[in-house]
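A.B. asks: Each chain, written out:
Protein chains: 2
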Amino acid sequence: MRSGKEEQKLLKFTLDDGTGVDRVILSEIHMYYEPEELVGKTLLAITNLPPRPMMGIESCGMLISAVHHEEGEERLHLIMLDNHIPAGAKMY
Amino acid sequence: MRSGKEEQKLLKFTLDDGTGVDRVILSEIHMYYEPEELVGKTLLAITNLPPRPMMGIESCGMLISAVHHEEGEERLHLIMLDNHIPAGAKMY
Numbered sequence: 001m002r003s004g005k006e007e008q009k010l011l012k013f014t015l016d017d018g019t020g021v022d023r024v025i026l027s028e029i030h031m032y033y034e035p036e037e038l039v040g041k042t043l044l045a046i047t048n049l050p051p052r053p054m055m056g057i058e059s060c061g062m063l064i065s066a067v068h069h070e071e072g073e074e075r076l077h078l079i080m081l082d083n084h085i086p087a088g089a090k091m092y
Numbered sequence: 001m002r003s004g005k006e007e008q009k010l011l012k013f014t015l016d017d018g019t020g021v022d023r024v025i026l027s028e029i030h031m032y033y034e035p036e037e038l039v040g041k042t043l044l045a046i047t048n049l050p051p052r053p054m055m056g057i058e059s060c061g062m063l064i065s066a067v068h069h070e071e072g073e074e075r076l077h078l079i080m081l082d083n084h085i086p087a088g089a090k091m092y
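Chains A and B, in that order, are what the protein sequence lines are.
According to the numbering used here, the first sequence is numbered sequentially starting from 1.
According to the numbering used here, the second sequence is numbered sequentially starting from 1.
Rather than coming from a laboratory, the hints here were simulated on the basis of the structure.
Don't take each hint at face value.
To be verified - On the chain B side, residues computed to face chain A include the following (Cβ under 8 Å):
#1 Cys60
#2 His77
#3 Leu78
Unchecked claim - Among chain A residues calculated to face chain B with C-beta under 8 Å, some are:
#4 Lys12
#5 Leu15
#6 Pro35
#7 Pro50
#8 His68
#9 Gly72
#10 His77
#11 Leu78
#12 Leu81
#13 Asn83
#14 His84
#15 Ile85
#16 Pro86
#17 Tyr92
These numbers come from a predicted model, not from an experiment.
Virtual Cβ for every residue (Gly too), placed ideally from N, Cα, C.
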């Protein structure tokens, strides 16, 4: 997802959400992460949202990040879970 | 919070939410954690909820856990964040 101005911001995730069917989520976090850093990580997502088309692809959910400011700059960290939490665990 | 049947389920958290004023949240997770295990951890909470009285104390928010089933049993893990995410970071 690296060509074009809009696309440069987006990362496309193909996720195991525990259902057996891959879930695709697009997220505007390429300023903060390279795709290689995120392979195999367990992330937190809101999945009960209607699919949203982004750059011609349906994004089926929203990844959750923690955002704060440090030295006048916005810092963003995807929320990453420990490996003992399996794909498909629910948030309560 | 250990006397009485209802109280045995509850843990009372006194949290730094980045505002400078402690935030108290009660959570029914004593079956899963002892208080000592949780000192100093960075947790995830929903804080834009009206305070809710529990056992005579106002609980000002809800801690977020991941829940799944393993060998027929419910497993619960509080979502714990890395130390590079400061108290008061916002979820997006």
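A.B. asks: State for each hint whether it applies.
C.D. replies: Right, here's what the structure says about each hint:
1. Cys60: violated (18 Å)
2. His77: At 5 Å from the nearest chain A Cβ, His77 (chain B) passes the 8 Å test, so the hint holds.
3. Leu78: violated (10 Å)
4. Lys12: Since chain B brings no Cβ nearer than about 19 Å to Lys12 (chain A), farther than 8 Å, the hint is violated.
5. Leu15: At 15 Å from the nearest chain B Cβ, Leu15 (chain A) fails the 8 Å test, so the hint is violated.
6. Pro35: violated (20 Å)
7. Pro50: Violated, about 18 Å.
8. His68: Since the shortest Cβ distance to chain B is 4 Å, the answer is holds.
9. Gly72: violated (15 Å)
10. His77: Holds - the Cβ of His77 (chain A) comes within 8 Å of chain B, reaching about 5 Å at its closest.
11. Leu78: With a minimum Cβ separation of about 10 Å from chain B (threshold 8 Å), the hint on Leu78 (chain A) is violated.
12. Leu81: Where the cut-off is 8 Å and the nearest Cβ of chain B is about 7 Å from Leu81 (chain A), the hint holds.
13. Asn83: violated (11 Å)
14. His84: Hint on His84 (chain A): holds, closest Cβ of chain B at ~7 Å, below 8 Å.
15. Ile85: holds (5 Å)
16. Pro86: holds (5 Å)
17. Tyr92: holds (5 Å)
Of the hints listed earlier, those the structure fails to meet are numbers 1, 3, 4, 5, 6, 7, 9, 11 and 13, in rising order.
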